[in-house]
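From just these sequences and the hints, can you work out the full model?
Protein chains: 2
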Amino acid sequence: MSEMNLQNHPAIILVCPQMGENIGAAARVMANFGLKDLRVINPRDGWPNEKARTMSAGAFDWGVNAQVFETLEAGLSDLSYVLATTARPRGMEKPVFNAEEGIGALKSRSDVKVGVMFGAEKAGLLNEDVALADGILTYPVDRSFSSLNLAQAVGVFAHAWAASTIEGEAREEFAGVGEVADRDQLVRMFEHFEDELDRAGFFFPEEKRTVMTQNLRNAFVRAEWTQQEVQTFRGAIKALALGRGKARIERKG
Amino acid sequence: MSEMNLQNHPAIILVCPQMGENIGAAARVMANFGLKDLRVINPRDGWPNEKARTMSAGAFDWGVNAQVFETLEAGLSDLSYVLATTARPRGMEKPVFNAEEGIGALKSRSDVKVGVMFGAEKAGLLNEDVALADGILTYPVDRSFSSLNLAQAVGVFAHAWAASTIEGEAREEFAGVGEVADRDQLVRMFEHFEDELDRAGFFFPEEKRTVMTQNLRNAFVRAEWTQQEVQTFRGAIKALALGRGKARIERKG
Chain A
325 MSEMNLQNHP AIILVCPQMG ENIGAAARVM ANFGLKDLRV INPRDGWPNE
375 KARTMSAGAF DWGVNAQVFE TLEAGLSDLS YVLATTARPR GMEKPVFNAE
425 EGIGALKSRS DVKVGVMFGA EKAGLLNEDV ALADGILTYP VDRSFSSLNL
475 AQAVGVFAHA WAASTIEGEA REEFAGVGEV ADRDQLVRMF EHFEDELDRA
525 GFFFPEEKRT VMTQNLRNAF VRAEWTQQEV QTFRGAIKAL ALGRGKARIE
575 RKG
Chain B
325 MSEMNLQNHP AIILVCPQMG ENIGAAARVM ANFGLKDLRV INPRDGWPNE
375 KARTMSAGAF DWGVNAQVFE TLEAGLSDLS YVLATTARPR GMEKPVFNAE
425 EGIGALKSRS DVKVGVMFGA EKAGLLNEDV ALADGILTYP VDRSFSSLNL
475 AQAVGVFAHA WAASTIEGEA REEFAGVGEV ADRDQLVRMF EHFEDELDRA
525 GFFFPEEKRT VMTQNLRNAF VRAEWTQQEV QTFRGAIKAL ALGRGKARIE
575 RKG
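Quick mapping for you: the protein sequence lines, in order, are chains A and B. Per the numbering used here, the first sequence starts with residue 325, numbered consecutively. Per the numbering used here, the second sequence starts with residue 325, numbered consecutively.
Read the hints as simulated data drawn from the structure, not as lab findings. No experiment lies behind these values; they were computed from the predicted model shown. Glycine included, each C-beta is placed from N, C-alpha and C at the ideal position. Please note: incorrect hints may appear among the correct ones.
A short list of chain B residues far from chain A (calculated; beta carbon distances all over 12 Å) [to be verified]:
#1 Arg352
#2 Glu394
#3 Ser401
#4 Val436
#5 Ala565
Derived contacts from chain A toward chain B, CB cut-off under 8 Å, selection only [stated by the list, open to error]:
#6 Arg352
#7 Val353
#8 Pro464
#9 Ala487
#10 Ala524
As structure tokens, this is what we get:
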């Protein structure tokens with residue numbers, strides 16, 4: 325993240341939030357997903373707010389910059405493109421986006437400052453707030469239980485933003501630890517396994533040998549084992565068939 | 325949602341959660357996005373939990389069914405495909421998915437019961453928990469501030485699940501309230517506007533008339549006005565040019 329250009333990361337605008345806990349939780353999830361520009365419009369309990377600091381889990385120290393404004397107009401003044409989040413249709417003539425589309429709209433304005441507004445806990449954004457927005461961002465909530473926690477609403481947006489920007493970087497660390505075995509290694513493992521099963525009298529009756537072998541091979545192929553896993557399993561076959569250490573048996577011939 | 329087949333909606337499995345508040349907040353955001361199967365493994369503060377009920381905002385009454393299990397193995401027993409959420413690479417040989425891909429993997433198992441595990445607040449899932457999963461689900465968190473609140477982690481998944489299933493249904497309600505004006509209506513509006521501007525001496529000097537007209541037309545076309553909005557604006561032009569009621573002026577000729 326440190327190398328990324330933060331200039332066009334969207335501002336998160338909380339409009340008249342009531343609970344400090346939600347402001348702090350919003351700041352925490354912003355930090356989780358690399359967002360830093362938090363704007364708090366006329367918070368009910370004033371600012372700074374101890375509950376916000378506690379729930380932020382250190383997000384303000386990490387780098388989330390919270391600015392407080394008395395009015396929404398002041399909080400939006402330097403932004404050129406703003407989305408309003410709402411679960412309720414407003415009957416307004418604005419484009420309506422899901423999270424992915426909304427982020428596309430924000431990113432396409434790469435040369436201006438952009439932001440997303442979130443309304444207060446009880447009733448969300450007022451219509452007059454939404455009227456200041458260029459577009460509406462909405463989530464596919466269940467109509468019978470549609471009221472999201474404020475910080476959850478911020479979190480869904482922040483994740484979707486990060487998913488569209490830092491996805492690649494974050495996932496590199498999860499690259500597998502070993503190389504997948506090639507077919508030759510698999511086939512030699514199969515032959516080793518089947519050979520020992522044969523000695524153990526597994527393939528009975530004889531006419532079922534082919535289908536039993538195929539079923540086993542299908543099951544193992546699907547596992548996409550690494551070279552190391554193949555080696556480990558071959559060791560397991562050997563141990564089962566012959567025993568190890570003091571348990572080792574001598575095979576004749 | 326009510327008509328949807330809930331049989332294959334994923335179970336949300338909270339492994340040894342500490343705070344009732346987070347269990348309740350997780351239940352709330354599950355309900356927001358239509359998920360009902362909550363499994364709580366060995367919760368620190370027992371069950372039922374008053375703080376969970378408070379933070380759920382009614383999600384349990386709405387339909388989220390919380391089952392409590394003593395062990396993870398018991399909580400997973402009827403599931404056939406399970407993902408484990410983690411922000412830390414585990415060096416395990418499992419497929420790693422982002423939210424969208426993970427949901428694809430879950431949905432492709434449409435004939436079996438599936439679930440997603442979330443670890444406890446302090447340290448997430450243990451490696452032995454992750455070992456029981458078919459795949460890893462990870463979010464593109466900022467590496468320098470990667471610890472998500474438990475309920476936020478559930479919320480990001482629940483949103484992504486809903487976005488892939490009930491998107492269409494939820495957004496229909498947001499259809500615009502009016503029909504977009506066609507070009508003919510726009511052109512007649514432009515002519516009306518320009519005619520009044522001309523009378524008012526707006527187009528000066530004369531050689532700038534063409535570019536001034538084009539600039540105005542470009543600005544209005546971009547707004548994608550509805551028929552109703554075009555009518556409203558024409559009323560505004562008329563009022564500005566002629567006045568209304570007692571303020572009305574009589575135009576000669």
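Evaluated hints:
no. : hint   : in the structure
1   : Arg352 : violated (6 Å)
2   : Glu394 : holds (29 Å)
3   : Ser401 : holds (22 Å)
4   : Val436 : holds (15 Å)
5   : Ala565 : holds (25 Å)
6   : Arg352 : holds (6 Å)
7   : Val353 : holds (5 Å)
8   : Pro464 : holds (4 Å)
9   : Ala487 : holds (5 Å)
10  : Ala524 : violated (28 Å)
In this structure, the hints that do not hold are numbers 1, 10, in rising order.
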